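Mind assembling these two chains? They're in different frames, but the hints should get you there.
Residues per chain are reported as follows:
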Amino acid sequence: MERKAAIREFLRTLLVRRRDRQPFSDETSLFLSSRLQSVDAVVLAVFLEENFGVDFAAMGFDPERVDTVNAILSLIEESSTLLSG
Amino acid sequence: MTAVTDPLATAPVSAPERFFWGLRLIPRIETYPAVLAFAKTFVGKLMILGLFGIGLWYLNWHYRALTLVLAVITAFPRHRRVLLTASTLVWACGLWWRWADHPQLIQVAIVLVVAQLLFWLATGFRNSWFGRRPVAGLLAGFALLVLLANYLPRGGSLRTVSWHFLTVAAAYLWFIAYSLLDISSKSCDPFTLQVGTYQPFWGSTAVPFVKGAAYLRRIEAQNAEQLAVTQLKGLKLLVWAVILNLFLWKAFLPVVHAYIGIPLYDDIFDLSMRRAAFPWYLGWASLIAHFFERLAELSIMGHRIVASCRMAGFMALRNTCRPLASRSIAEFWNRYYYYFKELLVDCFFYPTFMRYFKRRGHWRLFAATFAAASFGNAFYHFFSSLHYIEELGFWRALEGFQSYIFYTIVLAVGISISQVRERKIENLSWIRGRLIPALCVTGFYCVLSIFGDSSKRYPIQECFRLLAHLVNLIH
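Sequences listed follow chains B and S, in order.
Residue 5 is where the first sequence starts when you use the numbering used here, and the numbers rise one by one after that.
Residue -6 is where the second sequence starts when you use the numbering used here, and the numbers rise one by one after that.
So here's chain S without its partners, still in its complex pose (with noise of 0.2 Å):
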């Protein structure tokens, strides 16, 4: 296990930064002797699961079957990825027989079987195409499968087997990608440790939390002592997750919305729609609030999978990590929604960067850049939404996603140039080196939202006009 750091934690600071970022409302204590030497015992181990399971009821997330998993990989660590291979399948079980109208259970195992036969293909064929490009291979796959089901006739069985199977593909498709990408490791894993990884039992969404089995490898706690402070690391994310909960739901949503009357963004977006008059100044403090309740749900629902993630003994980063500190726009996508920016990067970043436009210099970066952050960030939200395609066609879904597209086209430019230009911070006030530019990319990515809101289909000209209105071009 490598030694698994803030981003920030290694940086010098200035006396204002030392002030705020020194505040600690959770103790290091993965650092007191005692408490790691306690947290080595039997008692202290059943107390951090304790607690952990405690903070997991409070979250309302599974606590029983979670506390009673992490307890079994606690007792067994030597064969804790094999436990987790198990927990996962037991998982899924639990899981897809819930989903909605009927189980899944069957589209899970073909899934499954079609997720091995790939590995194997790609394994066993390495001089292929396929072996070459098993990424690129799978996602194009994906994506003509649901262009062709698309054409399938309505009404009929074989277009509803067709997209619940696709459905559940979907779930799983990001994190087969890894399984693919591990296979170019000196020590890659068996197929059966593999989907150990896939929707694993902390949870996640179709972003694979947290990457896949070469990571896990890697982050992996390999003693007692490491255990120790990797669970104390843990349960401290878990009860950030409590905190960030009790003020969301608790303060800012009651005092925002209720004490202040400062109406929910959806609303405001409506009553755009509706051509309904509202003061500008309402529509910017909907707008915003409605930015920093989607950072901190975020942040909840990262930081409970990566708790969960850390008691099973691994060492995996924060998802979300200080995004209101970042001072570039590249640095905030790296610090808001880690493992997703991760996954881009991974498939389509890395890729691009190392094959195509090799003596163009920045050229080069600003191809790589545009693969993940508009191509790869597009393509991923599109076919994660598999409902629109179903319902509304696939030609008609893309057109309805045109401001979606649009926001990664706006991001990817942002992040090409924040990427390009260094910026000399040695000799800036901490106002001038900290505290304006991480307002100013703040404000890029709560402007940029309007567009990027990637659960509703609103059409691009209504994005523009409500952001005309906000700047008050029209009432």
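Next comes chain B alone, as it looks inside the complex (with noise of 0.2 Å):
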């Protein structure tokens, strides 16, 4: 629960920045309905690689797979399996 309260107020704030104080969903699509952009799509990888270590050069980037919350978690999920296996 605190991972996804994590996630949800980062993205809150990279909303904000772009002045979107819209509500969103853990479904919401963020990167690929252009409510956010690929700078913030950077600013979110660098923040899942310092706080959930999260390799995207591992794993390879695709917006998809940070387009909504529910995805960053099962990314994280499968970052950690990675490691750990």
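Keep in mind that the hints were calculated from the coordinates and are not lab data.
Treat the hints loosely; a few may be bogus.
[Said to hold, decoys possible] Here's a subset of chain S near chain B, in silico, CB distances under 10 Å, partners left out: (1) 125; (2) 175; (3) 314; (4) 335.
[Unchecked claim] Straight-line Cα separation of at most 16 Å, EDC-like style, residue types lysine to aspartate or glutamate; simulated pairs: (5) 351/S x 53/B; (6) 179/S x 66/B; (7) 243/S x 286/S; (8) 243/S x 290/S; (9) 179/S x 81/B; (10) 351/S x 59/B; (11) 229/S x 23/S; (12) 38/S x 218/S; (13) 8/B x 30/B; (14) 33/S x 23/S; (15) 8/B x 81/B; (16) 351/S x 54/B; (17) 38/S x 23/S; (18) 179/S x 82/B; (19) 33/S x 218/S; (20) 8/B x 31/B; (21) 179/S x 68/B.
In this text, all values refer to a predicted model and were calculated from it rather than measured experimentally.
Even for Gly, the Cβ is constructed at its ideal location relative to N, Cα and C.
Below you can see the structure in the form of structure tokens.
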């Protein structure tokens, strides 16, 4: 839950920077709907690298996989499995 | 399908903005329940398709064939992707059959076979170098082939055959790149469906409209309601294209060039190259008019293509969306030619950012931005103009490309600074917060366009000379 809250808060900050204060659910598309842009994707990537140890160099980066809160959570899970495996 | 919004639609706006952006020439008919209910009926679909066909007819764009294809796809929404592939292949036959002085269908077939081979290699050998970097492999391979073709003896049949093949391959290059990028997706489409996105029937340039199969999966209408909304938005976008087209050809061009008498930009450049005298303000007027003409032309083309894509049931984002409202250089780049920007971001920006300079903070962002806005941009345009390379030779063509390279470098610097610099506008007035930044950004791109004409190859010193003339440094 803490993880999800941290991600939601971070995404909310990114949206506010784009003057977007609309609510978003865990399934709301953020990048493919253009609410967030490529530069936000890289800021998010750095956040995920630093806070959750996601290695995009190994996993490859696909905006679809960070498009929603739930997609980000799955990505972190997959990354943890990859690291522990 | 995800809800697709305009980038500005979610932003809170001030009173003057509310007034300007609140004005709608075309109402949001897709939100009216009665219209939506009608759009779901057989008669409603027929009417939408009919109106769309009239719009295409006005824009002089294959209205009969395109309306027929859209009608078939509307009638069988469950088979949309398969029909897309079939229609695109039929369309390709028509397109390449008319190509220049002789048909190029054999070259198209070879390109598709090569694409399938590359797709298979990248899928089957994921741990190989090509499997890990398929797009880099594709682009490097293509560049190498062009370089080698350059050394084939002139007048020989091998050279002619090679350049014909490379010309067709160049038209499909970035579509294949998107297919190779899709391989890393969990729900990657088979190659047969990927082909549907290669120069699709709704129209495209060498820039894939609208991206690749991964994007289409995400934006496809999943039920009758979504299809109705998507088609209504498609129809609205086509109406926008018609309005812009009317404005450009019936008002802007006649008034600016015929009534006021502002010369064409090409003529001004010719005058500058011939060292002929002309007033500096006339140069500015011509440059600004040219900048807006290109913006309108790009909008019309993008709206028409995206509208057709929406009519086929894919809720694609607009290619050009209020670029003049941009408050930063990066924002303008995103709004001016969205699918080109996306191509560079997907093929150059993300790979560079995720792999290199990971501990270098802002340098990581600079490097990725340069990889996309400068290197990727120059690569795309250099290899899109193969006729220059064929005529001049590889190295002379590269030499003649220096003004565009300069353009991409300045653009990358501008975008990099704009990305790093965060502007707080919360407490600024509409004039300081929106109008002045928008004018500065538009001014930046307008001046930079002197160097950024990729269709003509003016020497860089001539571009600088014109700029010096415009700021009244020389006469």
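Results of checking the hints against the structure:
1. 125: holds (9 Å)
2. 175: Holds. Min distance 9 Å.
3. 314: holds (8 Å)
4. 335: Hint holds; residue 335/S Cβ to chain B Cβ min 8 Å, cut 10 Å.
5. 351/S x 53/B: holds (10 Å)
6. 179/S x 66/B: holds (10 Å)
7. 243/S x 286/S: Satisfied, since the Cα-Cα distance of roughly 13 Å is no more than 16 Å.
8. 243/S x 290/S: holds (14 Å)
9. 179/S x 81/B: holds (15 Å)
10. 351/S x 59/B: holds (11 Å)
11. 229/S x 23/S: This hinted pair holds, its Cα atoms lying about 9 Å apart.
12. 38/S x 218/S: holds (12 Å)
13. 8/B x 30/B: holds (9 Å)
14. 33/S x 23/S: holds (11 Å)
15. 8/B x 81/B: Roughly 12 Å between the alpha carbons, so the hint for residue 8/B and residue 81/B holds.
16. 351/S x 54/B: holds (11 Å)
17. 38/S x 23/S: holds (13 Å)
18. 179/S x 82/B: holds (12 Å)
19. 33/S x 218/S: holds (7 Å)
20. 8/B x 31/B: holds (12 Å)
21. 179/S x 68/B: Roughly 10 Å separates the two Cα atoms, so the pair holds.
Hint violations for this structure: none, all hints satisfied.
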